[in-house]
Amino acid sequence: MTPNEVDYSDIQGLVRFGFGAMKEARYALLRVKDLPAARAWLRSAPITTAATMDPPPPTALQVAFTAAGLKALEVSPAAVAGFSPEYLAGMTEENRSRRLGDIGQSAPEEWEWGYGSDAMPHLIVMFFAEPGQLAPLLKNSKNSIWEEAFTEIRWLETENLDGIEPFGFADGISQPQIDWEQRRDPTRAEVDYSNLCSLGEFLLGYPNEYNKFTERPLLEPDEQSADLLGAVEAPEKKDLGRNGTYFVLRDLQQDVRAFWQFLNQQSEGDFATAEKLGASFVGRTRAGDPLARVQKSSIPGITPEEKQNQFTFEKDPGGSGCPFGAHIRRANPRNTDFPGRPAGFFARLVTRLGFGPRGFRDDLMSSVRFHRILRRGREYGPELRPEDAVALAPPNDPERGLHFICLNANISRQFEFLQNAWIVNTKFSGLTNESDPLLGTRAPLVGCPATAHFTIEAENHLRRRLSGLPQFVTVRGGAYFFLPSLRALRYFTA
Amino acid sequence: MMPQSSFMVLAAIDPNRETELRALLDSMNEAPGRVNQTNPLVPFARLEMLHFARFVILHDETIDDVKVYNLQPQTYPLYLAFLGDIDGNEKAFLRELATVAADGLRKILSCCIGFPSGSDLVRWMQEHRAPPIANYVNRPGRTVRQVHEEAALQESIVNFIKIRTPALAALSPRDLHAEIQRFVADEKLAGRLMLSPQPATPIDWQLRNLLHFVGMPALFFLASPLLILLAPLFLFRLRMLENSDPELCWRVDPSYSDGLANLEDHYVTNQFTAMGSLKPGFVRLAVVIGVLWAVNWGARHLFTRGRLARIRTIHFARWVFLDDRKRMVFFSNYDGTVESYMDDFINKTGFGLNAVFSNGIGYPRTDWLVIGGCADEQKYKDFLRRHTLPTQVWYKAYPGLTAIDLERNSRIRDGLESPSLGEKEARDWAALL
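Residue numbers (my numbering), protein chains in the order written: chain U, 1 to 494; chain D, 495 to 927.
The shape of chain U in the complex, shown without the other chains (with noise of 0.2 Å):
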């Protein structure tokens, strides 16, 4: 085996599954209450891995935590030092809220879980099953170790919609392709869409977008750390994050009636209108189809039958296709290293030297591939369709939303500045005065006091500009955990 080849039976397999075919799920946000027992319940936890079993398991089992829940782990000081500071410090920390947009209604403060020390959690255990599996499941995992180690804070259910998220639209068609197999070269100029992206954005201890290996905690050989994989740039260390990964969770609470409602009285109660103005918010149309052209030729990382999402902005220069402010153009600009395809080395230098392009929105974005996230997220809440969703509510009208959850190896590149310089922020791609369409708080700045709009650009015309969105998702709870490999997982629980 060479030092970087990987060994699919040490990572947890969230990584490279989405466990599709298991359609219940339930989460246990949990505290440690005892710390024997908690130790011993994780030792005989039976974690899926990414290895491809046949045929396929039916029921999976994953663990992640917090940085609070490897202290309460008694991880020594020097190895917990070594992960990044954005998830020491956590998703909580008061700068951070305001960069990643968790103000007003969606501050901290007012959040279920994740908040203060009795309601943050120290790990997540996933339970993933096919129907009718999940209980037996459960029934077997929250034996009397479960009920004597740790104190629930809180169970995440979800719900299977079948791959529509509860706003009523086709989700989670577009994700990165990992390069498993390492044969990609970061370091060439992109000057062509590509979805591959290099195995270190997605796991720590391999080469990432810049061909440099993330920040993680290299341990001292020792007699507890001897079982660890070798760091691959520093052979004689020990890595304690290879095969793992950051995993961000976030309580997205989705107001679907909000949603429809406002939708449907700007188009003055034409519900066709209502569905057409909700696709150009998102980006896509509810069965998923992008409003971007689909291209001909097909992209690197992306299947010729992944026809929707076959496509990139490049010919849709002024947004009169999709909206520069589009929830998908915002999440995945699909652009390059360089705009307006600079081709040979002259070319892209003049572009480098700052006279490429001129236009007013040319080159006012950064290169998609330093910020890809692998999305890993379930909905909760009965599925409520768009046409029910005007009616007024009912009493006690259950909540509704996204468990959001993606992976990356570097939390503070790839998610936070995803959230922060794409999706809040009022100034995205020479907009202004507006924020994501499906995710923003509308909260006003300084100097800018409305971001509440939403425009929808247009080719021989004025563009249309809608104002007074209200704030349709609002943050419950959420944390920065460590979705760890099996051999770290050994490492932390002996």
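Among the hints, erroneous ones may be present.
Said to hold, decoys possible - Once the Cα atoms are required to be at most 25 Å apart in a straight line, the calculated PhoX-like pairs of lysine-lysine come out as:
id, chain 1, residue 1, chain 2, residue 2
1, U, K139, U, K23
2, U, K71, U, K237
3, U, K307, U, K276
4, D, K656, U, K315
5, D, K656, U, K276
6, U, K139, U, K33
Unchecked claim - Going by beta-carbon spacing under 7 Å, a handful of chain U positions derived as facing chain D:
id, residue
7, E215
8, N420
9, G430
Hints are computed from structural coordinates only; laboratory data are not their basis.
Note that beta-carbon positions come from the ideal geometry of N, C-alpha and C, so glycine has one too.
Fit chain D to the supplied structure of chain U, relying on the hints for placement.
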């Protein structure tokens, strides 16, 4: 056009009065990182020529880094820097400043060594000026007044559109242009909008600018035989240094980075102050001076349309040498978060970043001056955070507007002032609204 210039007062703080000074500076803020624009000490907003300003205590945490070169750390005085970016010339501004904020400035500057109570404020500030070696202005000629007028124009057009949407939406871009021209003309007549014409460019500035434009390359050309002769030796020495210069790139203490973060992201624009010691020796000094001369020349003559190489988010930036060129400070005003700012630099203009900052002690290793360096992303970010200083007071005359907003607004105005537009021009113009 009205050219922009900069000022910077640099004075050593009286150690006995540092606490008092810090309290005074804090009193100028409503909250950490959020200045009171009309605070009684220096009511910035009353200075109509002022774009950006800051007070920063240049407390260099990395002073001991020189030890890696077996040099004894120097005991430099602790400086207060007061700097800003202005329309017109420095002298006129300082006079205005002394009129508007005499008492406040005296209070602040009296915490510095050698500020006698009866002294002439303007003269004292001039005696303590610290000129930049390189300076960047996003859009030379765009005055604070113009920024405000064009922002009002944009807002007024947007409101007009909002009221008249159905009628305007039916128009072709050219007709829309004409319609909005009429509306703006009426607003101007009614005195609700003001679009001041560009003032004449001062002749002496034009001459100096031309001389600089021609003079620098001419000097370079004259010196080129010598430079070519020395180049191999120079490059050989540089490669030797690159092979041996130590990297000092570790993560800062969380309490330090939290202290910085407390002052960031309160506005769409942020301040950035970073300082450190230059690598010892003639070669490194020559490189950094040469590169910064080139940057300054480029900024003055080539990058005058809102882009510093590929970067479009910087309003004003400058590099200043301190202490006999032993140390350097970099000041910048940029849009977005520090994380996106660093990414922008790494991915868009890493070569330029390396050429300048790799002459600072501890920078991630470069090859041939421009390769590598910040391409080691995390090392570079750690390096930079170590050298970043908290900026105690920071003022921006148009807090809600990014450099891109300013460009949009200027393009809207330029389009309006063209009597008529072609089909495509009109389409591009309409897309800005």
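Hints, verified against the model:
{"no.": "1", "hint": "U:K139 with U:K23", "result": "18 Å, holds"}
{"no.": "2", "hint": "U:K71 with U:K237", "result": "22 Å, holds"}
{"no.": "3", "hint": "U:K307 with U:K276", "result": "20 Å, holds"}
{"no.": "4", "hint": "D:K656 with U:K315", "result": "29 Å, violated"}
{"no.": "5", "hint": "D:K656 with U:K276", "result": "21 Å, holds"}
{"no.": "6", "hint": "U:K139 with U:K33", "result": "20 Å, holds"}
{"no.": "7", "hint": "E215", "result": "5 Å, holds"}
{"no.": "8", "hint": "N420", "result": "6 Å, holds"}
{"no.": "9", "hint": "G430", "result": "5 Å, holds"}
This entry does not satisfy hint 4, going by the numbered hints stated previously; all others are met.
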